[in-house]
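Undergrad: Below, each chain spelled out in residue letters.
There are 2 protein chains.
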Amino acid sequence: MSIHGKNIIGNHLSALGTSTIASYNVLTNTVGDNTFYEATEEEINQAVVLATNAFKLYKNCSGKQRAAFLQAIAVEIEAAGDELIETACKETGLQVARITGERGRTVGQLRLFASFIEKGDWVNAIIDPALPDRTPLPRPDLRQMQVPIGPVAVFGASNFPLAFSVAGGDTASALAAGCPVVFKGHPAHPATCELVATAIIAAAKKTNMPNGVFSLVQGKSIEVGQALVAHHGISAIGFTGSFAGGKSIYDTAVRRPQPIPVYAEMSSINPVVFLPGVISEKAETLSQNFAGSITLGSGQFCTNPGIFLLLKNEGSEKFIQLLSDALSAIAPAPMLTPAIQRNYIQGIQKQRVQEGAKAVTHFDDQQSLPHLLVTSVTTVLQQPILLEEVFGPSSIAIFADDMPELLLFCDALHGQLTATIHGTATELLQARPLLDVLQTKVGRLLINGFPTGVEVAHAMVHGGPYPATTASRSTSVGTQAIYRFTRPVCYQNFPDALLPEALQQSNPLNIHRREG
Amino acid sequence: MSIHGKNIIGNHLSALGTSTIASYNVLTNTVGDNTFYEATEEEINQAVVLATNAFKLYKNCSGKQRAAFLQAIAVEIEAAGDELIETACKETGLQVARITGERGRTVGQLRLFASFIEKGDWVNAIIDPALPDRTPLPRPDLRQMQVPIGPVAVFGASNFPLAFSVAGGDTASALAAGCPVVFKGHPAHPATCELVATAIIAAAKKTNMPNGVFSLVQGKSIEVGQALVAHHGISAIGFTGSFAGGKSIYDTAVRRPQPIPVYAEMSSINPVVFLPGVISEKAETLSQNFAGSITLGSGQFCTNPGIFLLLKNEGSEKFIQLLSDALSAIAPAPMLTPAIQRNYIQGIQKQRVQEGAKAVTHFDDQQSLPHLLVTSVTTVLQQPILLEEVFGPSSIAIFADDMPELLLFCDALHGQLTATIHGTATELLQARPLLDVLQTKVGRLLINGFPTGVEVAHAMVHGGPYPATTASRSTSVGTQAIYRFTRPVCYQNFPDALLPEALQQSNPLNIHRREG
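These protein sequence lines are chains C and Z, in that order.
Per this note's numbering, the very first residue in the first sequence carries number 21; after that it's consecutive.
Per this note's numbering, the very first residue in the second sequence carries number 21; after that it's consecutive.
One chain only, chain C, in its complex shape:
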């Protein structure tokens, strides 16, 4: 398929603007072959108006129909074949095996959502039958279910060009919920965006979805994104990316004449605590595995462990040495974009000059070497810059003098996506106060594992208190992500024939319902 570079506004292609984005080949460090037309305000408006009209039909599609659409998207993405893999590799510098795996995750995610909505239980039906004889007043018949919220704008991430992009978790959950999606193409992988958007449109046509159920607007400038967020037809935002990007979208959304919810997954340094016992038992293996987690995907994961905590003693000093050796042995891999690499190197530079922080790995201002800094709780409490996320293959060891100091530090942490504790069976049982504090800070708590690797499952929480996200009550990964794009409606004293099937008396969908 040849790349056309146009915006995909429902079922038609559009290139009204004059501003363009050049694709970039990270593998060869050269400008790519394609040019993409940045969406104009008119095109953004067209996409949202189409989505608004599509919503009137799409919200009433059955779970089965929407599931068939999601299944068809998965098939079309697979049918895009090697071209999609190669394009994504070129645009991101990620390796074929990684992108192939990510495609598997992406289509698996679409199919999980399809199976989740196919039957209909997910609408969380609640029924309080009428009590006509109750005194002093009868109770009316009340039936509640979740309904879709309206057209959703989605902003994908640079680090997962498939799984957190055009047909990623945000789009999959919004479409599953019954909400049309207008996707803002990521300027770091516009060709990949176009290929996946084309697959979605093909699937929409094959499954007779309304025109406008999906659109792709390309754009590099802040204006494109802001115009989309500000459009009165948009009902909610899904975002994965930097704190600056997410916060700016949040600020626009809450200042609209009609504020809307923003589900922005932003910034996290994912603390890991290594308790002394487990370090003395397994320093070798732990340091190897931890180095792997720090450098996985060049450290370009939202769940990358940016800091870790240890009690100061001989064992932990030795652990740092082993970890430093392990990190130094890992060859640097290209980062997603030249800008990301530049930010990484600058971030490391800034950390290295902080008083009380000591670098124990090499530094090269021309490449993204894995990096390890060592400091203390006292230092980071005085120099909070050390707790700002540096996106890339680095981590900071923070020594605590004793457990009370470590607890104090954890209690002062900002919101995080994850926190992890490594310990022996015995010391974990004594670590309840630590777990108790960390639970208040995160969306996911791990024991003896590594935070990188976010399973797509029913029980996953990829979220957490601010600034990890702007909406700690939600997850952006796993089936529960669907509820970001729904709201409850109560039907009072409805004749059975006018109720949605999920709420009808005979329970024709045969779903689980809570009866009061």
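No lab work stands behind these hints: they were computed from the structure.
No residue lacks a Cβ here, since even glycine has one placed at the ideal position from N, Cα and C.
Mixed in with the good hints there might be a few duds.
[Said to hold, decoys possible] A few chain C residues facing chain Z, derived, Cβ under 8 Å:
#1 Arg154
#2 Ile169
#3 Leu518
Starting from the known structure of chain C, arrange chain Z on it as the hints suggest.
TA: Leaving out everything else, chain Z in the frame of chain C:
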């Protein structure tokens, strides 16, 4: 019990400030006997710090313990006896029967939340067991449940001094969720606030709850509320009141360094559609009942029907005449405060002078007479001021020329708490397009009923798209209101002994869990 007028900061009384609020007796239209000390910034800080410390213990109380606390609050409120009823009547002008009924609703609500949390199913446990043999990668053990979000600030409403105030739905649901509450006393019923807060503290002591699980800060000035919303220790806001009040709290909350969710239930004109068939069949009864709904509690309900729609014909003209007669026969009742009465009269005055709007009931600028205005879709679309909520016993009849015009109007409506359709069985079946449009605008849809009267039940939705609320994904009435104050946490690969009971393998609480 004698009223002391002090702030109730956890288990101690405090009157550090110099600014005071005088209570007001609406029944006699005179300043009351008591003076209340407005909370200082220091007192607000003390309350939030106590709440923050209490949270560390309270979040780990079992469902049974928290249920016992809620039950004890209900008992203490009942024990406050006639003094509470008399005080509330004096401060609000509402009648004894109404306040007695409202007390029943309030204690019933506390007991419903107690029974909802007692068993533990409400935490929505989801379990994806480990798949150690899965290829290419094993799946970790993932377990999710809802946990409390942190200390909550609650702002009550003037129109329900018990059920939407100190121990109302917001407080009950936050305490049920495991969140301490700092309640901002309502300046229109400060003595009622004090009596109920005293009951809560007595219950907290009797059930061994941590000091700071509840505080009352009194205040009339905007500063008290804003300082509470801005305090970094507050994790969420519950609010019921005016659009201006709710929006100003929302604006402060989203501009904090750490933004927090605001559940503000604000403004709604609750459209009612009368289809022609039912009017010609039951004009007499319908007009009587509708007049009752418009004037219930002097029209001071969030769900008061502020507008209603009819097709222009002879039957509907006759209906207006009957309704106007019914409204004129209802004696005016005192409103909650002199300011509310003033606003009502001014609001009516503003509506009456709009071109194309015709008043069909009497008007008196000295009392809050029930009021009916008649106009057309064309007029209100040009003069949207007619669609602004006027709090009180009035409604506006809006004539549509035909069903397409009526649909067009409904499609242009803002978010509402409720919408209602009256029709015969036959015409309701033909009204699907209308129901379909109205569903996208509201939290609750009613057929052949009246929106006033909000049942406290599992399936209730008292919420809706903006500006009805700032958070359409939630309800402020009914058991589902608890989820405004919780967030999901995922526990990955936890040893069974370290898991919360709700997630342990043997299911010791014997609760419903979703297994993936």
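Undergrad: Hints first: check each against the structure and report whether it holds.
TA: Hints, one by one, checked against the model:
1. Arg154: violated (10 Å)
2. Ile169: holds (7 Å)
3. Leu518: Because about 6 Å separates leucine 518(C) from the closest Cβ in chain Z, which is inside the 8 Å limit, the hint holds.
Hint 1 from the earlier list is the only one contradicted by this structure; the remaining hints agree with it.
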